[in-house]
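For this one, chain A is given, so just place chain B with the ligand on it according to the hints.
Chains as they are written, first to last, in this note's numbering: chain A, 260 to 366; chain B, -2 to 366.
Keep in mind that the hints were calculated from the coordinates and are not lab data.
Take these hints with a grain of salt, some might be off.
[What the hints assert, rightly or not] Negatives, chain A to chain B, calculated, CB over 12 Å:
| hint | residue |
| --- | --- |
| 1 | Thr261 |
| 2 | Val271 |
| 3 | Phe276 |
| 4 | Thr278 |
| 5 | Arg279 |
| 6 | Met290 |
| 7 | Cys294 |
| 8 | Phe295 |
| 9 | Arg301 |
| 10 | Pro302 |
| 11 | Thr306 |
| 12 | Val331 |
| 13 | Thr337 |
| 14 | Ser339 |
| 15 | Cys352 |
| 16 | Gly356 |
[Stated by the list, open to error] Derived BS3-like pairs (lysine-lysine); straight-line CA-CA distance at most 27 Å:
| hint | chain 1 | residue 1 | chain 2 | residue 2 |
| --- | --- | --- | --- | --- |
| 17 | A | Lys268 | B | Lys225 |
| 18 | A | Lys315 | B | Lys180 |
| 19 | A | Lys282 | B | Lys241 |
| 20 | A | Lys282 | B | Lys225 |
| 21 | B | Lys233 | B | Lys285 |
| 22 | B | Lys255 | B | Lys285 |
| 23 | B | Lys140 | A | Lys308 |
| 24 | A | Lys308 | B | Lys233 |
| 25 | B | Lys168 | B | Lys27 |
[Stated by the list, open to error] Derived Cβ-Cβ restraints for the label pairs, each shown as a range:
| hint | chain 1 | residue 1 | chain 2 | residue 2 | range |
| --- | --- | --- | --- | --- | --- |
| 26 | A | Leu341 | B | Glu206 | 48 to 58 Å |
| 27 | A | Met260 | B | Gly282 | 37 to 47 Å |
| 28 | A | Arg301 | B | Glu298 | 48 to 58 Å |
| 29 | B | Asn295 | A | Lys268 | 45 to 55 Å |
| 30 | A | Lys308 | B | Gly287 | 22 to 32 Å |
| 31 | A | Met336 | B | Ser179 | 27 to 37 Å |
Using N, Cα and C, we set each Cβ at its ideal position, and we do this for glycine too.
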Amino acid sequence: MTRFEQELKNNVFVSSFCTRCDKHVWPPSDMCNSCFGNVIWRPVTRTAKLIEFSSKGDEVFGIVEFEGSIRVMGRIMTASALQIGQMLNLTECNFDGKAKFVLAPIV
Amino acid sequence: MRRVGIASSGLAEFSKTDSTLESLMLSSVKPLFDSTKNLSQEDIDVVLTSTNSDSKYLSNVVSELSGISPKVSHSVESLCNSGTNGIVSAYSYIASGLADVALVIGAEKSDSPGLVLEWDVSRGQYKHPIYWASMFASAHMRKFGTTMEDIAYVSAQNHNNATDNPFAYFKKTFSLDEIMQSKNLTDNLRLLDCSMPCDGAASILLASEDVIKKFTDKPVWISGIGQKSLSAGFTKNDDLACMKSNVQSSHRAYDMAKRTPDDIDVAELHDAFGICEIIELEDLGFTKPGLGSSYVSNLYETSDKKINPRGGLIGCGHPLGATGIAQTIEIFQQLQGTTKKRQVDGAKTGLVHNMSAAATSSTVLILES
Ligand SMILES: [Zn+2]
Chain A
260 MTRFEQELKN NVFVSSFCTR CDKHVWPPSD MCNSCFGNVI WRPVTRTAKL
310 IEFSSKGDEV FGIVEFEGSI RVMGRIMTAS ALQIGQMLNL TECNFDGKAK
360 FVLAPIV
Chain B
-2 MRRVGIASSG LAEFSKTDST LESLMLSSVK PLFDSTKNLS QEDIDVVLTS
48 TNSDSKYLSN VVSELSGISP KVSHSVESLC NSGTNGIVSA YSYIASGLAD
98 VALVIGAEKS DSPGLVLEWD VSRGQYKHPI YWASMFASAH MRKFGTTMED
148 IAYVSAQNHN NATDNPFAYF KKTFSLDEIM QSKNLTDNLR LLDCSMPCDG
198 AASILLASED VIKKFTDKPV WISGIGQKSL SAGFTKNDDL ACMKSNVQSS
248 HRAYDMAKRT PDDIDVAELH DAFGICEIIE LEDLGFTKPG LGSSYVSNLY
298 ETSDKKINPR GGLIGCGHPL GATGIAQTIE IFQQLQGTTK KRQVDGAKTG
348 LVHNMSAAAT SSTVLILES
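In isolation and in its complexed conformation, chain A is listed as follows (with noise of 0.2 Å):
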């Protein structure tokens, strides 16, 4: 399991992070993808922009955005309508085989 899915198992969502180039690395990688230095592994803030979402039944899905750059596909758990661009909230993350993001807006 790399150090990314052991964090996410924690309920910790982690990028990695290049302190050289002063940027986020993702996907996860072990080097920055701009200068091939190491990289660390820094928690990410838990508050997510919605770019966009759709729904399977009853379980809402989207693309949420993290510090401006960290895109992923979650759960998103909601009883209201959703605008695109609202804030919300990284409720959890897991990781069983699959990452896993659970989100919910901010009230």
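Then chain B with the ligand, alone, in the frame of chain A:
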């Protein structure tokens, strides 16, 4: 650079079979040999295989099974785009002078490991292709007002076209109503909007302008090639109402061929899902952004076979490694004027568009008679 042309082709029916991948490949190589004048195994300098299967040393295995001892032999894997990537590689060997004749063989089994890109953790738990397709559909609907009915036209038309293609997986038409009523996989994607994995194989023979006349009196030239790889992870595609790799690869192909979208008489587009064809028509310049929906309904209303006369991936099935080659064969045959009921009258210039993994990469070929 030397000109490179397509000399001949071979197809195996897309279906579900008990055949091995190697057997499937051979079943498309045989009709290619049967239909090519003066071709013997000794003529072939390069054998490339395109597939997402886990088979090892496949191009050498299939070369041996075909009695070919090529100078260059290897596999090309690039998910759905493998076949067209294989053709571009073969083109490069010939154009550079390293080879004169190349055989590209693509095949897939329906349970291919290439159906899902496991690496892409940014897709989270939504790794199946229906989820990225659903995101594009949401974005296009939001930006342009595209409807579920608009999307249904793609499937209806491509299934109609496929009924004139003896190699297609689907043999029947579906009404707009049947498509609209088919099972919802997500709230904007129905079962009949999807291409289906199946078994299939396709082979194509490329040759240099110096030798191609030995094999055919009607070569079709590859006059433009554009490829673009944006990323592998889906979520780097920023505007989801368009597919940026399509725009960039098609510009390169048009520039190389000194052609514009208006010059294209017939095209095969990668309709992995109905919404893809609508977006691609816009990306490739066949119509303006936002008008892809009216373009596809018009194709259907007027029984116009200009786009996906073969039946597309939706009508033909989608054996990944074979798809790009089968698409190219359709345009090759259209430009030779041999596609019978599918024929677009007077087609002289054609286009092939193929892509992988949520349009993170794409390939466009322009062919001319
Ligand atoms: Zn760096």
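| request: With 12 Å as the threshold, tell me whether Arg301 of chain A passes as away from chain B on beta-carbon distances. | output: Holds, because the least Cβ-Cβ distance between Arg301 of chain A and chain B comes to about 16 Å, which exceeds 12 Å.
| C-beta pair Lys308 of chain A, Gly287 of chain B: status relative to the range 22 to 32 Å that was hinted | Holds - the Cβ-Cβ distance for Lys308 of chain A and Gly287 of chain B, about 25 Å, lies within 22 to 32 Å.
| Least C-beta distance between Cys294 of chain A and chain B, which was stated to exceed 12 Å | Answer for Cys294 of chain A: holds, closest chain B Cβ roughly 18 Å.
| message | Between the beta carbons of Met260 of chain A and Gly282 of chain B, is the distance compatible with 37 to 47 Å? | response | Roughly 46 Å apart at Cβ, these two residues keep to the hinted range, so it holds.
| Separation of Thr261 of chain A from chain B, once the least beta-carbon distance is taken, above 12 Å | Since the minimum Cβ distance to chain B is about 9 Å, Thr261 of chain A lies within 12 Å and the statement is violated.
| request: Grab the minimum beta-carbon distance between Thr337 of chain A and chain B and tell me whether it stays above 12 Å. | output: Per Cβ check, Thr337 of chain A is outside 12 Å of chain B; nearest 14 Å; holds.
| said: Run the distance test for Lys282 of chain A versus Lys241 of chain B: straight-line Cα separation, threshold 27 Å. | reply: holds (24 Å)
| field | Assertion that Val331 of chain A lies farther than 12 Å from chain B (Cβ) | value | violated (5 Å)
| CB-CB spacing for Lys268 of chain A and Asn295 of chain B relative to the 45 to 55 Å hint | Distance hint for Asn295 of chain B, Lys268 of chain A holds at roughly 52 Å.
| request: Classify the label on Val271 of chain A as holds or violated, using whether its beta-carbon is more than 12 Å from each beta-carbon of chain B. | output: holds (15 Å)
| field | 12 Å cut-off, C-beta based - Gly356 of chain A kept clear of every residue in chain B | value | violated (9 Å)
| query | Is the Cβ of Cys352 of chain A more than 12 Å away from each Cβ in chain B? | reply | Label violated. Min Cβ-Cβ 9 Å, cutoff 12 Å.
When held up to the earlier numbered hints, the structure conflicts with 1, 12, 15, 16, 17 and fits the remainder.
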